[in-house]
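In numbering that gives the first Met the number 0, the protein residues as written are 0 to 442.
No lab work stands behind these hints: they were computed from the structure. The model shown is predicted, which means the values in this text are computed figures rather than measured ones. Ideal placement from N, C-alpha and C gives every residue a C-beta, glycine not left out. Please note that a few of the clues may not be correct.
As the list claims (entries may be wrong) - Listed next, the in silico SDA-like pairs over lysine to any residue satisfying Cα-Cα at most 20 Å (straight line):
#1 Lys26 to Arg57
#2 Lys138 to Pro88
#3 Lys379 to Glu335
Stated by the list, open to error - Simulated restraints on C-beta separations:
#4 Pro15 to Ala120: 37 to 43 Å
#5 Lys123 to Pro45: 20 to 26 Å
#6 Asp154 to Leu59: 14 to 20 Å
#7 Ala185 to Ala124: 31 to 37 Å
#8 Asn80 to Ile179: 25 to 31 Å
#9 Tyr38 to Asp154: 27 to 33 Å
#10 Asn287 to Pro17: 29 to 35 Å
#11 Leu208 to Ala248: 22 to 28 Å
#12 Pro24 to Asp52: 24 to 30 Å
#13 Tyr38 to Pro17: 42 to 48 Å
#14 Thr58 to Ala297: 35 to 41 Å
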Amino acid sequence: MNDSLKEKALRYHQYPHPGKIAVIPTKPYSNPQDLSLAYSPGVAYPCLAIKDDPSAVRTLTGRSNLVAVISNGTAVLGLGNIGPLAAKPVMEGKALLFKIFAGLDAFDIELDAADPEAFIAAVKAMTPTFGGINLEDIKAPECFEIERRLREECDIPVMHDDQHGTAIISAAALLNALDIQGKDIAEIRLVVNGAGAAAIACTRLYMALGVRRNNIVMCDSKGVLRADRPGLSGSKLEFATDRDLHTLADALVGADVFLGLSVADVMTPDMLLSMAPKPIVFALANPNPEIDHDLALATRTDLIFATGRSDFSNQINNVLGFPYIFRGALDCDASEINEAMKLAAARAVAALTREPATDALRRLYPDKQLEFGPKYILPKPFDKRLLPVVAVAVARAAAESGVARRPLDDYDAYSRWLSGLIDHMNRYDSELMLNGGSRLPKV
Numbered sequence: 000m001n002d003s004l005k006e007k008a009l010r011y012h013q014y015p016h017p018g019k020i021a022v023i024p025t026k027p028y029s030n031p032q033d034l035s036l037a038y039s040p041g042v043a044y045p046c047l048a049i050k051d052d053p054s055a056v057r058t059l060t061g062r063s064n065l066v067a068v069i070s071n072g073t074a075v076l077g078l079g080n081i082g083p084l085a086a087k088p089v090m091e092g093k094a095l096l097f098k099i100f101a102g103l104d105a106f107d108i109e110l111d112a113a114d115p116e117a118f119i120a121a122v123k124a125m126t127p128t129f130g131g132i133n134l135e136d137i138k139a140p141e142c143f144e145i146e147r148r149l150r151e152e153c154d155i156p157v158m159h160d161d162q163h164g165t166a167i168i169s170a171a172a173l174l175n176a177l178d179i180q181g182k183d184i185a186e187i188r189l190v191v192n193g194a195g196a197a198a199i200a201c202t203r204l205y206m207a208l209g210v211r212r213n214n215i216v217m218c219d220s221k222g223v224l225r226a227d228r229p230g231l232s233g234s235k236l237e238f239a240t241d242r243d244l245h246t247l248a249d250a251l252v253g254a255d256v257f258l259g260l261s262v263a264d265v266m267t268p269d270m271l272l273s274m275a276p277k278p279i280v281f282a283l284a285n286p287n288p289e290i291d292h293d294l295a296l297a298t299r300t301d302l303i304f305a306t307g308r309s310d311f312s313n314q315i316n317n318v319l320g321f322p323y324i325f326r327g328a329l330d331c332d333a334s335e336i337n338e339a340m341k342l343a344a345a346r347a348v349a350a351l352t353r354e355p356a357t358d359a360l361r362r363l364y365p366d367k368q369l370e371f372g373p374k375y376i377l378p379k380p381f382d383k384r385l386l387p388v389v390a391v392a393v394a395r396a397a398a399e400s401g402v403a404r405r406p407l408d409d410y411d412a413y414s415r416w417l418s419g420l421i422d423h424m425n426r427y428d429s430e431l432m433l434n435g436g437s438r439l440p441k442v
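Could you build all of it, start to finish, from the sequences and the hints given here?
In structure tokens form, the structure reads like this:
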């Protein structure tokens, strides 16, 4: 690890206040009258109103704007099972991203619960507090059962972002890359290296977009998932093949798309050369991709290449999705985040990439290509249009698929409100920075 980056990161997290998030009041609190409204005796009235009508919790508390970011620390980034305490900086960071990109409040919650049943019980018990649950950094295969159970047993949106966030954003990238390369999604041959939570979720979402099951080959550390391999079960068996393919090198011959969610340097130049004309490679292993960025581009000039890294073009970054997906889901009081909402988010992100870049975006990224093409298949994280575009698409899909308990009446008005929310957050950020982050501004 770069020592300079390490020291900067440690200072960033420690000063001027430890950690990255804090709780701030949203109501006046400067005199006895304010306190009598905020707490006793005035607080009894909203309590009784909610007792009589539980739906009033949306307008009388912050629940409908509050997301829980929950992990047990069993699969943190590329660091592995480092435990709940060591996972806390990541969960705080996720909470920060919810706030700065979508105006959603978020609490990070780290559970000392490696057992799935204990984890599920703990999360279910705290659902009255939150409008939505973002599961994070939970190892496979437990994460599949945890998310399935919580989605079934909770009446608020639940999403495991390591699975579905990666799936949604890489699906947007795939739609755009296929368009640039002139390939039909129903005809492409897809090779997936990695069979963990993200790989399974990505593959399932690609199939929902039109990739054919018999055109998919999935590999793990032992090679191709074959139906005759002993011990295959669950999601791995779902993607097992009968074809006479045994290694990643075998699978890549003639393939159109490679999706890597595995380890560094497993793809060689010869493997890349064996792929079909105009290949698409999403090498998402972190911190180093399945094939080096510069090596890949030097090997194939007809290649579209993406990684999970911000220092290369075409970063597949979950922050393009999860803040806005939860924003749209909470604003229409969706009971879940379903397949229709995920597909709508992917298509919205893909479509935004094709729009001309704003002047503000060009100032933020003066040295980056911002025209739709092989090196620009996804928007940049600071494209402020993501909030209205994606949240509106998600809320609309929730209504059309029947899971929005309070469908929005006017999507144009909602889009304008979201754009105004961005402006409000910008003003708040400016005042906070002027105060050195040490004095709470009035909002």
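Hints versus structure:
no., hint, verdict
1, Lys26 to Arg57, "16 Å, holds"
2, Lys138 to Pro88, "18 Å, holds"
3, Lys379 to Glu335, "27 Å, violated"
4, Pro15 to Ala120: 37 to 43 Å, "38 Å, holds"
5, Lys123 to Pro45: 20 to 26 Å, "25 Å, holds"
6, Asp154 to Leu59: 14 to 20 Å, "18 Å, holds"
7, Ala185 to Ala124: 31 to 37 Å, "45 Å, violated"
8, Asn80 to Ile179: 25 to 31 Å, "39 Å, violated"
9, Tyr38 to Asp154: 27 to 33 Å, "29 Å, holds"
10, Asn287 to Pro17: 29 to 35 Å, "30 Å, holds"
11, Leu208 to Ala248: 22 to 28 Å, "27 Å, holds"
12, Pro24 to Asp52: 24 to 30 Å, "25 Å, holds"
13, Tyr38 to Pro17: 42 to 48 Å, "28 Å, violated"
14, Thr58 to Ala297: 35 to 41 Å, "58 Å, violated"
Of the numbered hints stated above, those contradicted by the structure are hints 3, 7, 8, 13, 14, listed in ascending order.
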